[in-house]
Amino acid sequence: MVCTNRGWDLLEFSAALDGHRIDYVESPSYDFLDARGTFVRQPRLAADGAVAAIKHADGTLEVIPVDCREWVGVSLEGRDASALAFDQAGLRSDRRKRDSAGS
Amino acid sequence: MAGAFSYFLSPAGCVTKALSAEREEAAAGEPVVLEGDEAYEVEIPPLSRPGSLVWFQREGKWIDFVVSPMVRTHLAVQNEKLLLSVKNNLPHPDDLAISFGPQLLPGANIAAGDVHTVEIPGFNSGSEFMHSAKLLISNARAQHLETWWLLAIIENGEQQLSVHTSSDGVAYQPGPYGKPNLKIDDIHSARAAWLRLEVVGCVNRDATRVRLNGVDLGPLPPTQSYFNEIKSDRYSPLYMQLPSNVIASLNPVNELVIENPGRRSIRPAGSGSNWRWTTSGTFPPALRPRFTRNRPATSSTPSCTIPPIRILSAPPGRTSGLLLSNPSQGNAYAN
Numbered sequence: 010m011v012c013t014n015r016g017w018d019l020l021e022f023s024a025a026l027d028g029h030r031i032d033y034v035e036s037p038s039y040d041f042l043d044a045r046g047t048f049v050r051q052p053r054l055a056a057d058g059a060v061a062a063i064k065h066a067d068g069t070l071e072v073i074p075v076d077c078r079e080w081v082g083v084s085l086e087g088r089d090a091s092a093l094a095f096d097q098a099g100l101r102s103d104r105r106k107r108d109s110a111g112s
Numbered sequence: 026m027a028g029a030f031s032y033f034l035s036p037a038g039c040v041t042k043a044l045s046a047e048r049e050e051a052a053a054g055e056p057v058v059l060e061g062d063e064a065y066e067v068e069i070p071p072l073s074r075p076g077s078l079v080w081f082q083r084e085g086k087w088i089d090f091v092v093s094p095m096v097r098t099h100l101a102v103q104n105e106k107l108l109l110s111v112k113n114n115l116p117h118p119d120d121l122a123i124s125f126g127p128q129l130l131p132g133a134n135i136a137a138g139d140v141h142t143v144e145i146p147g148f149n150s151g152s153e154f155m156h157s158a159k160l161l162i163s164n165a166r167a168q169h170l171e172t173w174w175l176l177a178i179i180e181n182g183e184q185q186l187s188v189h190t191s192s193d194g195v196a197y198q199p200g201p202y203g204k205p206n207l208k209i210d211d212i213h214s215a216r217a218a219w220l221r222l223e224v225v226g227c228v229n230r231d232a233t234r235v236r237l238n239g240v241d242l243g244p245l246p247p248t249q250s251y252f253n254e255i256k257s258d259r260y261s262p263l264y265m266q267l268p269s270n271v272i273a274s275l276n277p278v279n280e281l282v283i284e285n286p287g288r289r290s291i292r293p294a295g296s297g298s299n300w301r302w303t304t305s306g307t308f309p310p311a312l313r314p315r316f317t318r319n320r321p322a323t324s325s326t327p328s329c330t331i332p333p334i335r336i337l338s339a340p341p342g343r344t345s346g347l348l349l350s351n352p353s354q355g356n357a358y359a360n
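Read top to bottom, the protein sequences are chains S and V. Letter 21 of the first sequence, counting from 1, is numbered 30 in my numbering, and no numbers are missing. Letter 282 of the second sequence, counting from 1, is numbered 307 in my numbering, and no numbers are missing.
Isolated chain V (complex conformation) (with noise of 0.2 angstroms):
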């Protein structure tokens, strides 16, 4: 019941049969046997969400089941190669079509607990990019969806293409003026840049002064929340236009400080990406997951470096633009 703090459970005197299962988790679309006063075969619907319950009623009782995922699966870059491992989590052998992004992979029969490993072709281009990479893998009954994001750097003249899940911190959003083959060049003559952040709580906003490269892009302009202290800034966008000194000292990698005296959390825009919170006596900050308003100013200036800004070149066919990357703490994209 919606509200409510506790239950009282007065539980009857008599025990009575309940329903029962040889298995507590089945994939989506798998058939499982329900024992009660007779078998009933009941069938896992193939919608189901891995890690949800799916419950079934028989006589009266009721008994659940947890949705574990079809397969197991893992994405790694060994000897330059990508490779994908595919375990079969059924209790039976099982014919899998596999497709990652617009790719046809080689379908499989994979026997109950083997794991079935694959190179994925295509991504040694010598190009940097980064997209994400969408796995799909269905058999008769149900898919089963993943995605990750591929990151490929040129780092001392070689590709190095590493892969990320949306939990490692890693977030990308594309440039809105994408330019294919983007260089360094490209970058110092545009006409027009700025950085995209997204803040938490509006006071003291004109404390908070940003530096790119060392140079001073002024305090952070104010949301739409800023007259109105009801309003929630969660997630406001901040775009600030880069002077022209500014986009002319853009390098491959470029640093991003924030002052941040009212303790603000802040983040690079980008799903994905994590907030900063930064504190007088914390630096570089500690990742805090919480979100704050109207915090005192102190009389320190904490501040908060962004992971380094990388500039991507874009591949044939997607735009440019700026990823903060930082291996220990995560990745985010700004534009």
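Isolated chain S (complex conformation) (with noise of 0.2 angstroms):
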């Protein structure tokens, strides 16, 4: 199943890739991609689980992977980044590590 709009900025399908099942999407505020166990490369998303990349007005994307195992990767047009790991309650995962070895 396809489905897409007018301006052709949001493309949503399920389908079976070389066998299994993926479900991705492209939409101006976010991106998703269900690999379901199997590593899948799609134009902006690629891993072996589920991720979503959320796209914030600043210009940053926001990753996050449910069920990867081991990859996850994202498109950023050619553009080197830098990135920051943060725990489920919002903060620095690092930071969070730091206070934990200090307590």
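Be aware that one or more of the hints could be misleading.
Stated by the list, open to error - To give a feel for the contact side, a few chain V residues facing chain S, derived at Cβ under 7 angstroms: (1) Ala29; (2) Phe30; (3) Tyr32; (4) Ser35; (5) Ala37; (6) Val40; (7) Leu44; (8) Trp80.
Claimed, not checked - FRET-style restraints, in silico, Cβ to Cβ: (9) S:Trp17 / V:Leu186: 52 to 58 angstroms; (10) V:Asp62 / S:Leu85: 31 to 37 angstroms; (11) V:Glu68 / S:Leu85: 47 to 53 angstroms; (12) S:Asn14 / V:Leu186: 52 to 58 angstroms; (13) V:Leu72 / S:Leu85: 28 to 34 angstroms; (14) S:Pro37 / V:Glu66: 48 to 54 angstroms; (15) V:Arg48 / S:Ala25: 18 to 24 angstroms; (16) S:Leu85 / V:Ser124: 42 to 48 angstroms; (17) S:Pro37 / V:Arg166: 51 to 57 angstroms.
The hints are simulated quantities; they were obtained by calculation from the structure and are not laboratory data. The beta-carbon is built from N, C-alpha and C at its ideal position, and this holds for glycine as well.
Could you use the hints to bring the two separately framed chains together as a complex?
Have a look at this one:
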């Protein structure tokens, strides 16, 4: 099944790719891929599980992997990027680790 | 980063030229060319596992390739012949050496994308057996290994050979005291026999009863975690001794029923067999590949019919045992 709109800025499909099912969304506010356990490469995302990439107004990307065993990739259209990791409460994982070690 | 829930990426403003390659996939041992400011020829490591990602770094940039299998294979029985088809998955012709179990088959030069089919001899013995069949295909750079299960049973005096993969639920374990050319009379004269099962969850074990060919074998015996809720029961083996009247009742095909009010997952022992999850409303039970414990017993008595146990005689050099077979739900083996 494929869904899109007139402006072609929304694309959503669920499809069988090489014998296994994937779900993929490209939209102005977020991209999403569920590769269901097998590594899949799509234009904006690549992963072996599910991953959502939320696009913020300041140009940053919030990447949330779900059940990805090994690989998550996002397209930055050829740009380098710096990355920060956060835990579920929104705290930087590296800072939380330091606090845990010190307590 | 381990344990991270999300990542915030802040892209830089300028676009840099990334590494590129003509292909996204390549087989183990294959050379690939990376295009950056210069061209680089690199080789996919020969021991790379198909489906994995291989990364290369040049000029401070990274590029990855999905490792594809060097060949696609298909094993099937056609017109009572065991036929192996090998498709060259490489973008060029290749000389391949092929061995199937202990047999070295004729090698072949296969063009890119072409399929080479070869008959594997020696499986029309007229006897019953089940054993693994390992295929090894190698070229000058890498190897491809694959394993199937071959099952031969005698129906109406004719041997019927079938091919199974580990993913379709076939499992096989040889019996510990095997006897070649086993016959039903030999089974009936056995002095001892037992069922081996694996369970998940340890509550209400005494309420779970097992019947083989209509004879009550009693409740499941305890496992080592019976008195300790913390330990996991997953894959705990259970052995149930068969009384002499049950041994005497064994037929070529046998029925095993597990009354399972605790709704635990149970499976015949053997890697690859399926867990059985029984509920009061499902008969025969649906396959649920999930584990649970501490489910309350229900007033009804859900039961689980394990696929019929089939007794196979063993080929020379192999031991005998009981095969649980059900074409629609996979096979498993108990000894």
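Given a hint of 48 to 54 angstroms, does the C-beta separation of Pro37 (chain S) and Glu66 (chain V) actually sit inside it? At roughly 41 angstroms between Cβ atoms, Glu66 (chain V) and Pro37 (chain S) fall outside 48 to 54 angstroms, so the hint is violated.
Beta-carbon spacing of Trp17 (chain S) to Leu186 (chain V) - inside the hinted bounds 52 to 58 angstroms or not: 54 angstroms, holds
May I ask you to test the interface hint for Phe30 (chain V) with respect to chain S, counting a Cβ-Cβ separation under 7 angstroms as satisfied? 4 angstroms, holds
Asn14 (chain S) versus Leu186 (chain V) beta-carbon gap, inside 52 to 58 angstroms or not: Hint holds: Cβ distance 55 angstroms, inside 52 to 58 angstroms.
Restraint: Ala37 (chain V) near chain S, CB-CB cut 7 angstroms. Satisfied or not? 5 angstroms, holds
Restraint outcome when Val40 (chain V) is required to lie within 7 angstroms of chain S by C-beta distance: 4 angstroms, holds
Let me know if the C-beta of Tyr32 (chain V) comes in closer than 7 angstroms to any C-beta of chain S, holds or violated. 4 angstroms, holds
Is 28 to 34 angstroms a correct range for the gap between the Cβ atoms of Leu72 (chain V) and Leu85 (chain S)? Holds - the Cβ-Cβ distance for Leu72 (chain V) and Leu85 (chain S), about 31 angstroms, lies within 28 to 34 angstroms.
Residue hint Ala29 (chain V), partner chain S, criterion CB-CB below 7 angstroms: 4 angstroms, holds
So, Trp80 (chain V) near chain S? Judge it on the closest CB pair being under 7 angstroms. 10 angstroms, violated
Given a hint of 42 to 48 angstroms, does the C-beta separation of Leu85 (chain S) and Ser124 (chain V) actually sit inside it? 46 angstroms, holds
Just to be careful: measuring from the Cβ of Ser35 (chain V) to every Cβ in chain S, is the smallest value less than 7 angstroms? This interface hint holds because 5 angstroms falls under the 7 angstroms limit.
Hint check: violations occur at hints 7, 8, 10, 11, 14 and 17; the rest are consistent with the structure.
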